[in-house]
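A.B. asks: Here's the letter readout for the chains.
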Amino acid sequence: MSSLPPYATTGQRIWFYGFRVICGLIFFFLIAPIITIIPLSFNAENFFTFTPGMLALDPEAYSLQHYRDFFTNPNWQQPLWNSIKIAPMATFLSVSLGTLAAIGLSQSHVPFKGAIMAILISPMIVPLIISAAGMYFFYSRIGLQGTYLGVVLAHAALGIPFVIITVTATLVGFDRSLTRAAANLGADPVTTFFRVQMPLILPGVISGGLFAFITSFDEVVVVLFVGSAGQKTLPWQMFTGLREQISPTILAAATILVSISVVLLATVEILRRRSERLRGMSPQ
Amino acid sequence: MTDNTAQTPSGPVLAADGRPLKASLNRALRAQKIRALLLIAPLLIFILITFIAPIADMLFRSVENQIVRDTLPRTVVALDTWTNTDEAPGEDVYAALYYDIFEAAEFRNHSRVGSRLNYELTGVSSMFRRAGRGVGRFDTDIYTDQFTALDPAWAEYETWTGLMDDDAIRAALPETSDAFDTWIHITIDANDDVPAEEDIEDFVFTALYRDLSNTGYSGSNALLSTAADAVAGFESVSLRDQFADMDEDWLDPTVMETIKVYSPSYTPGYFLTAIDMQLTADGVSAQPEDRRIYVTLFERTLFMSMVIMGSCVLLGYPIAFLLANLPTRVSNLLLILVLLPFWTSLLVRTSAWKVLLQQQGVINDVLVWIGLVADDNRLQLINNQTGTIIAMTHILLPFMILPLYSVMQTIPPTYVRAAKSLGATNWTAFWRVYFPQSVPGIGAGCILVFILSIGYYITPELVGGRTGTFISNRIAYHISSSLNWGLAAALGSILLAVVLLLYWAYDKLVGIDNVKLG
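These protein sequences, in sequence, are chains A and B.
If you use our numbering, the first sequence corresponds to residues 350 to 633, in order.
If you use our numbering, the second sequence corresponds to residues 1484 to 2001, in order.
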């Protein structure tokens, strides 16, 4: 597949290059929408398409005005701060509880393991609109609807499956004799955990945490229902912006979010390779 | 035949501390289990409270219907004896309704029960709202006037408490004692007043009149005996006519029938509405033609999810195939092109499509520039099904590529080579040897995309317009706009059941432990 043998027939040659062109088009479909909005966000006009000036690469046609708007307009700054306040708290909750549980789940004799796993994974499986509806009904009953705590708890619940999955995956390759050796050398369980086990599973914990963070940072359906105007997050503001008065500042916000995703993606990739190296698996 | 075990010392094997080894082992195992459970417990409790309880609450709400019984308790009981549903019920039912609505109006509950019943019969909501204002102005003040004219003591609070302290009188005047208790309840709890300082409401005298004229009074209380003798000559007022004066529809048997049908604490009514059926006194029947929307909506959701799933397979399979057959270095680079959209905010991708697909957007501009489309005839790509399908295929494509890729990586290339060396053409080798081995990946990807797609809300809401929306959009509408939470919960429960079924299939096919991220 990687290269064409010299004896290939014409038909095979056409197929070989045709297939690559098709794949190229699909990659274009995947990536082009995200790339297109980046230059559009520097548009000097309030348009959502390339102006003739932009196509001619006229510097006058580009400007940072939408970014200025994003960083000065309270309609965007308030949601940005709310997102920054909510996501780390939710991540902290999911990571601390999730890591403990993942360690528990990776022990050799866990009763009802299947059922417990199903319950812990369920927030990822249940459609968001159903989680949002249920949480809206239930949190109104117990007075959490429309509060900061309510949104944090809801987001933490949504992030937990990702932490469980990534951390249990890291623990699969964990060598138990290391903790036994530590215990043998006189370390108590807490010291063993923090000095031996934790450093080894840290890449998994961090990438689980990043998943939990992006889940909360990106989440809009649940916060729409569980939150109130005081907890308006960045995606929520984008959602209202797209639905009601679509302004090009959304593109500036989107570009900033894309940069954040690129950074997170790079981090997760690096961590995954490091974890595989630590566990003695071949790096991909 | 020699028995070796007979040679060893009898009795169980002992551990170092002298306990039987089996017991010792069990104890260690139990300790291990408890330790594992203790580690899991905090998270399990957390998820049970923050996630499972809300889902359970939603399931409960989809059948819960206590509001009618709680707000109109007397009417519900009175309607039990009403069997001839061709004509409006008798005076007793309207008397019960009078007390119930009076009490509900004082506690401002009447409009809630009105909106609840309005989901089943349009127009009931306004009837209840008007009744809440109207019951206080009924002509029942003539009873008050006639009783106080007979004996001014009837206007005194002490007279009443004296009578109501006597259990025999309470038993003889059931409706009156109930009405009097209700009045006390309203005065103290709804209006924050002291009963002794307030005038007794007309409905208590109405109850007294009805009790005395229905069953008479044979006890020894002089005041009541005099009143019982006098009521025959009293001027009376029909509560049924009073309701009819307020709104003719109160005499419509369907209204009463609706109250009766929806009086139990739990009802399948919401679920029936969710599948375009309705509950009537004669049993379950189909909704009228013009009110059938949900089955169509479910069908559309399933159909569009299938289309999205299909396009994801078509676009995802070549990519996964390419990635799995390129050298690792190249494929890792190309994988980033798949992972970047996967990691990019959903809102970003949706806004990108919203911008690109507009009639004045980039795609139409390009098509016009190429000359495929005339400038005055730009394509309508957004706010319809096309928009939803394009945007969601793009959003869910990584969820198809990643499982396919991980399955294809495990297919040994030697099989295809063996097939070719045995004389198979490229196509046969692919179709008969490679493809069957990649089917598990297709299955996993399809179920994953399908599960994600049927529950989608944001993208259809933003690019779907009127024809490209899913069942989730209807659920959201019922939660936040129409406030018909019961129906939202029923629609949600049906969707949840479908998703869980698919999830079960996914677990059987792939195993939930094999879910990989990134």
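Fair warning: there could be bad hints in the mix.
In silico DSS-like pairs for lysine-lysine, Cα to Cα no more than 27 Å straight-line [to be verified]:
id	chain 1	residue 1	chain 2	residue 2
1	A	LYS462	B	LYS1991
2	A	LYS462	B	LYS1516
3	A	LYS462	B	LYS1903
Read the hints as simulated data drawn from the structure, not as lab findings.
Source: prediction; values computed, not measured.
A.B. asks: All the hints need checking, so say for each whether the structure fits it.
C.D. replies: We went through each hint and held it up to the structure:
{"no.": "1", "hint": "LYS462(A) with LYS1991(B)", "result": "holds (16 Å)"}
{"no.": "2", "hint": "LYS462(A) with LYS1516(B)", "result": "holds (11 Å)"}
{"no.": "3", "hint": "LYS462(A) with LYS1903(B)", "result": "violated (46 Å)"}
Going down the numbered hints, you'll see the structure goes against just number 3.
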